[in-house]
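Q: With chain V held as given, fit chain B onto it using these hints.
Top to bottom, those sequences are chains V and B.
Residue numbers for the first sequence follow my numbering, so the first one is -1 and each next one is one higher.
Residue numbers for the second sequence follow my numbering, so the first one is -1 and each next one is one higher.
Rather than coming from a laboratory, the hints here were simulated on the basis of the structure.
Even for Gly, the Cβ is constructed at its ideal location relative to N, Cα and C.
Be aware that one or more of the hints could be misleading.
[Claimed, not checked] Which chain V residues stay away from chain B? Per the calculated CB distances, all over 12 Å, these: (1) I0; (2) D3; (3) S24; (4) K60; (5) E81; (6) S86; (7) S191; (8) I232.
[Unchecked claim] To be clear about the criterion: a stretch of chain B counts as covered by chain V if any three or more of its residues have a C-beta under 8 Å from a C-beta of chain V, and this derived list gives those stretches: (9) 2 to 14; (10) 161 to 169; (11) 183 to 191.
Protein chains: 2
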Amino acid sequence: MILIDGAGLAEDILQEIRQEVDLMVSNGKKRPHLAAVLIGDNPASLSYVTNKVKSCETAGFKSTLIKRDGNFSENELAQLIEELNNDSEIDGYIVQLPLPRHIDADKILLLIDPKKDVDGFHPLNFGRMAQGLPAFLPATPSGILQMLERYKIETDGKHCVVIGRSNIVGNPMSILMARKGYPGNCTVTIVHSRTHNIDEIVRQADIVIAAIGIPKFVTSEMVKDGAVVIDVGINRIADTSTKSGFRLVGDVDFENVAPKCSFITPVPKGVGPMTVCALMINTLKASKSEIY
Amino acid sequence: MILIDGAGLAEDILQEIRQEVDLMVSNGKKRPHLAAVLIGDNPASLSYVTNKVKSCETAGFKSTLIKRDGNFSENELAQLIEELNNDSEIDGYIVQLPLPRHIDADKILLLIDPKKDVDGFHPLNFGRMAQGLPAFLPATPSGILQMLERYKIETDGKHCVVIGRSNIVGNPMSILMARKGYPGNCTVTIVHSRTHNIDEIVRQADIVIAAIGIPKFVTSEMVKDGAVVIDVGINRIADTSTKSGFRLVGDVDFENVAPKCSFITPVPKGVGPMTVCALMINTLKASKSEIY
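Chain V with its partners taken away, still in its complex shape (with noise of 0.2 Å):
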């Protein structure tokens, strides 16, 4: 069994990107810029956005964290939304999810130009992702495929069972696993809350990436001998033998999982660092101007 070291992997693209940007800038380019929005204080937000930007500071971009309280507007949003759009110091920046329940979050996304869009929510990217056109990659599927990649694990006509069906993850998940090239060509199932046999479907899978965001959901006996398991899920369940009262789990049994796996991701330090990791790789491109 081999321990996939997400925040290790994550680490080592950052410094590669870091490379890039140093010489970008010595050569008399622009240095890459991320800014980020947050409403409101929900905690686990608050800490997303600031691991996000520490991750500009490792990759050498600049960043701005743009926080605003709970009770700004949709208008306010909308507006601010504009000024970045039409901002050309920034190179791309994301809106945090949740937003607070008096903002309506799909058509906040809609306003951000798809050229800034480096969390590839707006439809137009995820349109041209699905076809196969240059766009920016949600970012935790796109984390995943890096991760396959570097790690090089096979995936042509494998059996890739993508659990949960999110726009965020699941979704674009199954649709990048089935496409052409390399990470892809795989026969991909999605499956949810509405299949009736999720655990005879997820035992054919060779490749198992879980994003239905319930701890523990994937247990040693829906899992194959020799199976690859991606863990999306950052579940927080009460522990009161830690400080803060809580640890985090994945949607996968680990500890009886990962005996019987080829490749598995833990939780923390899987997935997650990659999600951050696939935002910089967005935001250097969109710096770059290579998807539009």
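A: Then chain B, alone, in the frame of chain V:
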């Protein structure tokens, strides 16, 4: 076994549209107007476009066929598309595929105003469709959804296997069958040329959608008793007994598969007419500004 009468159903829907259009016109509204661009003289393309024009008549739409010879350049086509985008008389238009080799179809399709993209091929429509936002759905998958709905075929929790991963059928079909809602909520597997064990996977399917472009690819051994089989294939095979010297067969070995099915579509007169019908539905939506 119930034979799905695509031709009859399409006719019914066109009549429903006609009634709505007659009412719109008698209320002083503009008659929906579809334009079709045909480059070159591919006989199959000409026959498809002629069919679409005929369906416009049935639906009470105005139609304009714009025919250019095979030497029409990419630049000229780009200019024509700009004119169509700006022509407020035209609600929607299609550019009949395939285009001659000297024209980059991907590039051309990106020029179509998504608001008039009634084929649903533009990545913005594709992405909106994939994210569950209002969109012009690609015509063939949309026609198949109509068929499932009108025949009240259960899809919730069913295992749908889509054979083929084209951007026009297999890929969007797999996305739509997995989406929340009806028809949808399926467990979906997409198989294709790189899949090792297609037979074994198709045998698990409650619903088979064959769009691989290989005559009689789906045999009776591959189909579970009671399955729903939707045949998207339109393959010309030589047949000396016909006047034209060929006949049309689907991707399904109809004769041997049909007895095992709960529902099956014939070829011709199955999916084909429903595709044209879906195009009319999109054009009506465009004229009513229902999507954008």
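Q: Against this structure, judge whether each hint is valid.
A: Right, here's what the structure says about each hint:
Look at V/I0: its CB is around 23 Å from the nearest CB on chain B, clear of 12 Å, so calling it non-interface holds up. Against the 12 Å criterion, V/D3 stays outside the reach of chain B, whose nearest CB is about 29 Å from its own CB. The claim that V/S24 is not at the interface with chain B holds, since no C-beta of that chain comes within 12 Å of its own (minimum 36 Å). The claim that V/K60 lies off the interface holds: its Cβ sits roughly 29 Å from the closest Cβ of chain B, which is beyond the 12 Å cut-off.
With a minimum CB-CB distance of about 23 Å to chain B, V/E81 clears the 12 Å threshold, and the non-interface call stands. Distance check for V/S86 against chain B: the nearest CB is about 24 Å away, which clears 12 Å, and the non-interface claim stands. The Cβ of V/S191 does not lie farther than 12 Å from every Cβ of chain B; its closest approach is about 9 Å, which violates its non-interface assignment. Every Cβ of chain B is farther than 12 Å from the Cβ of V/I232; the closest lies at roughly 22 Å, confirming the non-interface assignment.
Remark: the segment 2 to 14 of chain B is not confirmed as covered by chain V, as 0 of its residues place a Cβ nearer than 8 Å to a Cβ of that chain, below the required three. Remark: the segment 161 to 169 of chain B is confirmed as covered by chain V, as 3 of its residues place a Cβ nearer than 8 Å to a Cβ of that chain, reaching the required three. Only when three residues or more bring their CB closer than 8 Å to a CB of chain V does the claim for the segment 183 to 191 of chain B stand; here the count is 8, and the claim holds.
Checked against the numbered hints listed earlier, the structure breaks hints 7 and 9; every other hint is satisfied.
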